[in-house]
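*Asks:* Build out the structure end to end from the sequences listed, making use of the hints.
Residue numbers (UniProt numbering), protein chains in the order written: chain A, 1 to 338; chain B, 1 to 338; chain C, 1 to 338; chain D, 1 to 338; chain E, 1 to 338; chain F, 1 to 338.
Incorrect hints may appear among the rest.
To be verified - Pair by pair, the computed Cβ-Cβ distance ranges are:
1. K298/B / K202/D: 28 to 36 Å
2. K182/C / D122/E: 32 to 40 Å
3. D144/E / S251/D: 54 to 62 Å
4. K182/F / I326/E: 29 to 37 Å
5. G19/C / Q248/F: 35 to 43 Å
Don't read these hints as lab results, they were simulated from the structure. C-beta: ideal position from N, C-alpha, C; glycine also.
There are 6 protein chains.
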Amino acid sequence: MGNKIASFGEVMMRLQVPGHELLSQASSLNYSFSGTGVNVAAALSHLGHDTYLVSTIPDNPVGDAAISSLHRLGIKSSFINRNGASIGMYFLENGFGARPSRVTYSNRLESSFNQAPAAIYDFEQISKYVDIVHFCGITLAMNDAIRSQIKSFAKTAKQNGCLVVFDCNYRPSLWGESGYEKARAHYEDMLHLADIVFMNEKDALFTLGMQTKEKEREKQLKELLPAIADQYKIPIIAGTHRTIHVNQIHSLRGFLYKNNSFTYSKEMSFSVLDRIGSGDAFASAIIHRELKGYSNQKMADFAVSAAVLAHTITGDSPLLSEKDIIQAMGKGIRDVER
Amino acid sequence: MGNKIASFGEVMMRLQVPGHELLSQASSLNYSFSGTGVNVAAALSHLGHDTYLVSTIPDNPVGDAAISSLHRLGIKSSFINRNGASIGMYFLENGFGARPSRVTYSNRLESSFNQAPAAIYDFEQISKYVDIVHFCGITLAMNDAIRSQIKSFAKTAKQNGCLVVFDCNYRPSLWGESGYEKARAHYEDMLHLADIVFMNEKDALFTLGMQTKEKEREKQLKELLPAIADQYKIPIIAGTHRTIHVNQIHSLRGFLYKNNSFTYSKEMSFSVLDRIGSGDAFASAIIHRELKGYSNQKMADFAVSAAVLAHTITGDSPLLSEKDIIQAMGKGIRDVER
Amino acid sequence: MGNKIASFGEVMMRLQVPGHELLSQASSLNYSFSGTGVNVAAALSHLGHDTYLVSTIPDNPVGDAAISSLHRLGIKSSFINRNGASIGMYFLENGFGARPSRVTYSNRLESSFNQAPAAIYDFEQISKYVDIVHFCGITLAMNDAIRSQIKSFAKTAKQNGCLVVFDCNYRPSLWGESGYEKARAHYEDMLHLADIVFMNEKDALFTLGMQTKEKEREKQLKELLPAIADQYKIPIIAGTHRTIHVNQIHSLRGFLYKNNSFTYSKEMSFSVLDRIGSGDAFASAIIHRELKGYSNQKMADFAVSAAVLAHTITGDSPLLSEKDIIQAMGKGIRDVER
Amino acid sequence: MGNKIASFGEVMMRLQVPGHELLSQASSLNYSFSGTGVNVAAALSHLGHDTYLVSTIPDNPVGDAAISSLHRLGIKSSFINRNGASIGMYFLENGFGARPSRVTYSNRLESSFNQAPAAIYDFEQISKYVDIVHFCGITLAMNDAIRSQIKSFAKTAKQNGCLVVFDCNYRPSLWGESGYEKARAHYEDMLHLADIVFMNEKDALFTLGMQTKEKEREKQLKELLPAIADQYKIPIIAGTHRTIHVNQIHSLRGFLYKNNSFTYSKEMSFSVLDRIGSGDAFASAIIHRELKGYSNQKMADFAVSAAVLAHTITGDSPLLSEKDIIQAMGKGIRDVER
Amino acid sequence: MGNKIASFGEVMMRLQVPGHELLSQASSLNYSFSGTGVNVAAALSHLGHDTYLVSTIPDNPVGDAAISSLHRLGIKSSFINRNGASIGMYFLENGFGARPSRVTYSNRLESSFNQAPAAIYDFEQISKYVDIVHFCGITLAMNDAIRSQIKSFAKTAKQNGCLVVFDCNYRPSLWGESGYEKARAHYEDMLHLADIVFMNEKDALFTLGMQTKEKEREKQLKELLPAIADQYKIPIIAGTHRTIHVNQIHSLRGFLYKNNSFTYSKEMSFSVLDRIGSGDAFASAIIHRELKGYSNQKMADFAVSAAVLAHTITGDSPLLSEKDIIQAMGKGIRDVER
Amino acid sequence: MGNKIASFGEVMMRLQVPGHELLSQASSLNYSFSGTGVNVAAALSHLGHDTYLVSTIPDNPVGDAAISSLHRLGIKSSFINRNGASIGMYFLENGFGARPSRVTYSNRLESSFNQAPAAIYDFEQISKYVDIVHFCGITLAMNDAIRSQIKSFAKTAKQNGCLVVFDCNYRPSLWGESGYEKARAHYEDMLHLADIVFMNEKDALFTLGMQTKEKEREKQLKELLPAIADQYKIPIIAGTHRTIHVNQIHSLRGFLYKNNSFTYSKEMSFSVLDRIGSGDAFASAIIHRELKGYSNQKMADFAVSAAVLAHTITGDSPLLSEKDIIQAMGKGIRDVER
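*Replies:* Following this line, the structure appears as structure tokens:
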């Protein structure tokens, strides 16, 4: 049987131009609903857990569509409030080769989630019901009210014995000018509360403002992560290193710092169908395997395989069973199976 | 040769579920760009005029798509500013029979247009360049800054010899509670400035707060419109009466009050493909025919025929040539033409 | 708060040719998952209840898609077994005017549900958990094993204090030659167990083999239903009368026999977008209103309004809130709402 | 077993805007291949005959697509030449209500068929192989070379004992100014050769230039058709009368003049999905029933039923089995069949 | 002029998710009809032969669509029976990179073809009419009745002087556990009857249970194929070796054992659009070139070029003219041709 | 502010099969409007200039769609005549890997543009209004009347002080047999009039019939271009060298001969989404940068970057802002930007 897992975050509507046309060329859009919390809850649901999103969605037809979509992804909606009038949206134009994909946000800060009053949530009740709560740096970037909610929820969860997960994913465009300075104290607060943290050496250097003389990212990692784990008393820190090659092939290697030791996954190379959501697949896989008590090496290999497969799934939410991920770990390239 | 006509208003993105599915059932949307000002400018462009939208649109890919779409509709973009970060949007789910169509707005008030500073527009320059300026009650409902812009533009246009057109189209949902009271003074200001006004007896009764003992709408019209024309010195007032029959067939009759006399068009019955934009087709046709100096009866018949045809065109913007409209006026039901 | 409701039945894959082409003209199909049990559970979920399908679905990608689809409809999957290798399917070609819609079934009897062993279900556990169980005549037509399961489930439910609902919907093509004779005893068994039954005078005459000298369907109904309610001790019997007019307009009137008295809804006329699933909408609405304790007249009017609206929704499953249905009851024809 | 039937005529590519958009709004087109000869051969193939198109199609990918499409319709391609460089095309924009459908032809006269040299066809060989040859007035309108080919083929067919069928369908736009005068002698030549002719009183009055004092079309028909049958020694003349009602409902009645007597089908009323090709369905049904030796009344009723059903099929080519047509003859309005 | 060629086998309906979505994400499917026999007949039709499928298809709208589709592919339907109630189906979800394509079969064994009685086919009549008959190992895997039919047909064909072609394509999932043992005797029977056989060293080792000390596939081939040709008196054995590279590029080399000597085609490398059907393209090309009397080297190069091109065509059936294949043989990479 | 630029040429309708199907497999087409003149005007409009197409388009719905499409691309239609009955069309089937894309033209020579009388254009008026006029070798290939128009326009433009641009793009299929000989004198006439010429060493060798002993294309270029610049007094000659690698990757290097010196851009490698229109992107970028007075190196690098990006845009017309192009120049491969 699975665990009960809640993630706290916004549901965004993704409006994607089909194929490779620009918004100024096309006349239709495919839509889906995503967000880091959604992606993590969807992934963990497909790994056999009961997952809940803690969020606020408008009580109108767009909100109904979002709820239907969350259900379809296997997420339970018992902790979702219906309030406010709009949902955050982003437009996605697929890139091709030399032309990068373009994301255009629309009215994110005015969304139901970002305008919801703290009183709308009963964090105590949720924390008593679930085993794990997941938070992320994107939500932390929204506004002061949200930052206050996220910390209040994390504290309540901690007090009620939940495992607290925090994914640092820092987005420069959300924090604006002098963003690292603005963000630092909030990140530090979250690190003090977290049991599992997703980050890499860049977060240490920029967001936390740490320093090192090392130049290579692996050496930086080796120096900085143990210091962080020590300072904030974090049992598990994990993350990935991505390399993008000239021929559009990506490589990914996962790492895990746990019990004072580093573990690296094997590096996997792959081509990309849908870039968004692979970090959430990695995080979900680490959480799942930690819950199941796997060894560090198996955990890391499984998580990087999950992240790689997430690049081959349309949409932001990874929809992968444990069997799919294990199959991709072991095998080389395969012909059609019939 | 045509005239130079500017309309002032917002460009909205219409996101329509294809076919008859609900937002919670579908996965794609058709998008187009519209708005009363857009519709009027598009219609008058197809009737042979040089038309300009005066508006503000974000300088991002969504804004680029809006500009391309306006060009495609035949509208010139010389008086459009690129500023701000978002565009107003609405979702449209097509009704069927007993189930009405549903419109869900998203973040209209935060749009580039509704947040644009007055200083962004050079109303003086525009007024010297064009012959006619068109305003509408929807724009008037937005906020105080926009109301100030609209009146400033209308005054400047009047001073520079432009014909000022005002379409009353009052939308209860935009003005909120006690909306008629809030709106009244602003409508009165616009009526004082306008040369051509689109309205019917309901605007007189509710928005202007006039009173009558008559119970039938035609008698109310006959009593109230002359009083308004007289009070505000309005040369032309026009509008339509719609009847919706049990079998989903609509009927429409246009009226025109000009030179102290009423003219009624013949009543036309028709089925509806796309409800939105028919009022703008009527208004555009009246403006066009007034510019061309047609008789009142021909003007009314032409305008109601334009409105009827607009119900048979996909999208909000009527794309009809003078020939199309005249053809629909004269003929009965026709077999395929080949 | 809502009730807990389980329905027992097959999930079918509907493969529908888009638009009005024939299978031999087209090259794509829209697919969805439905069935009487699915439709009833989906409808009651949208009316605020916790609904469960009791069924068997293959553990393969087609089964995964079915589960996702049930979740999307708001149905919980806790009582669904994953077993067997295939799902029942039907192809649907939309008719137009003089050309009727065509349904072609494929391998229904070999489906996971129809081949599942009885031991796969824990009817006792389910009956203890839910308040109501819904069965239908379509499931009863499948094979002896299924008939045995359905009766066993109904008895267990009854013993555990559940309300038992039985919808007679007799399908001649499923029972084959001398079908009424084959079906009679099974229907009688179910009527003895049921608290709410959906049927009309045709079921009485043909399936139950009752006789009357009356010629008009309303008189037949008035004579036969009380006799059935009496004989089988059925508290509530309800159903509809449909009339199809020359111009493709349908009319529907609901009736209800409860506490020894007949109640008729008002008759509603309407045009049809999607014919399938309207009977399930009627049944769901009766169940919902009975649970809420409404008066007979309000129950009947509400249920026929739900059935009418179901004709305006794409797909088999009615996705209507109580508000939507009440709105359609009260109002006449409406213009677009914005 | 069926007969061997050849039709002589052009294959045209139909490029249809999906839904109800205009060419200037849309960005995709559905394509199919049709033409009177194609439609008649397709319909007779679905009625159980071996059918052949005698035509010329370019030897390029567009021609390959046309051949595939003819095969799909059940037409054999043994008598089709591959020559020239292009195919006639027409764009079709679907009308709605008050807005009629629009057909725009492109380069019809430069097509492979219309430019093919007579020597390309071996009419003698074809005439010896088939039982029936079908010609139409549209082909006759093309150019002098085609007119020469059509008459040469008809004479050869006659000499070899084939039944010669001629459908008068006169298209004013193809003959241009003083078209009736230009066409008359050619039509007279064909009438002298034909065994079955499709026409009505308008062809008699305008194309043949006959005169009558009658005002009603049925009386004109009764006076003029016997005279034509007598003058040109035509065993069978048949045709239809169409009425288009205000509510977009069409009515159709077929007539047949054979053995000096008139037979009228019952009149059928219906709504229209695809207007084009219904005349070809009528003609095919008459040919089929004449070959089978049915009574005049049954032939007429069957043929008008085929024409009505053809209005409910997407595309120009009627794809109806004898069973489909008979089913539509007998029954009233039907509910979904399952 | 071409030859007359019959292939014996099932028509399957392929239901493919468009793009790269999973069945649980999408809502539409593209459908086509295929099968080894269909693919071979389609390919040989495009190479100029008269081709016939010998099969059984239900007499319902799905069967009608299958027939239309076969016609479209250029296959004649004179030897197809209409019987039974269903068609075999498979769902295809396209893989991407690390995620392989998934095939899910539905009710294959209950299909019209697999349930058809032997008496339905007149193998004698067919064998007298055609020059070549094609069989394959997939059909052989179905059930005992089908195995009996296939052998009876092959014997009759042989006796009537037809060339008998047998493609070994062994599918493990169809034969189940201990499949090789179950299959061996049936394969041996077919090899005794065949004039052209498609196989490689794996068939020799596993299906026929032969042994060798060689480790490399080319050496195994060189040892085993001559022995088989000798033992079963097979004039021609041919096949391919595929290599799948890390970057998703495939390489293919064809081989041919004829007149006691091996011929290898050049190896071609290529990227893959649609994997299914390439073996059938290779087989068809060998048959075609053997009929035309080409040299072994030209035959092998042509056949591997046909197989490569088949990977670039959407759908299972290779639609390639001789010109297309020759063009791909000679040239390197080409820019757009215009 | 931008310049005023006119291009002279045909508008063609591109009818493209979606995805990778053949015309004989698909049933829908995407359409757009293009042509060298269209592409250049669209590109320069997106670079900030006022651009005009000088052309002739039929006055029918297809022509209306073309006009709308030009507007959408940012091209002004003031110098477009509405005349004649048809537009040139081409069908495009997308290739894949070993299978090249196929272009099939339809009735190009009968188009409105190619049949338009010279008197329809007022070249004098246009030349006085604009700063630059663009011509190309494709238009020059059409017929004698068009050749006469193009030279007359070029002379008038020159006399009125316009910059004359000529793109040699020679298409063998348009000039037919002995094409180079037919074309030579016309090309020489244009070179005498041109200020900016696009060509490479192949045009010199084949079209102009020049000779060299050099074997490598770069050496040929270095010898021949200075001679041409000298002979015809051409200030600027520019062009590109393309290399197509085995893995479908293309490389492109631009060159520029100006003020007696050669400049080469860096070479860029890239994968291709849409091959057509990249030469027009290069030419537009050179024109733009020359107008802005950039250095030769910056001009060449910018132009090759524009050409590369044009391969990543769907459709023939490059829709790139100066910012987009500069971004692609500087950067390496980028992850998604958000």
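*Asks:* Does each hint fit the structure? Answer for all of them.
*Replies:* We went through each hint and held it up to the structure:
1. K298/B / K202/D: 28 to 36 Å: Cβ of K298/B to Cβ of K202/D: about 34 Å, so the range 28 to 36 Å holds.
2. K182/C / D122/E: 32 to 40 Å: Given about 38 Å between the Cβ atoms, the range holds.
3. D144/E / S251/D: 54 to 62 Å: holds, 59 Å
4. K182/F / I326/E: 29 to 37 Å: holds, 30 Å
5. G19/C / Q248/F: 35 to 43 Å: At roughly 37 Å between Cβ atoms, Q248/F and G19/C fall inside 35 to 43 Å, so the hint holds.
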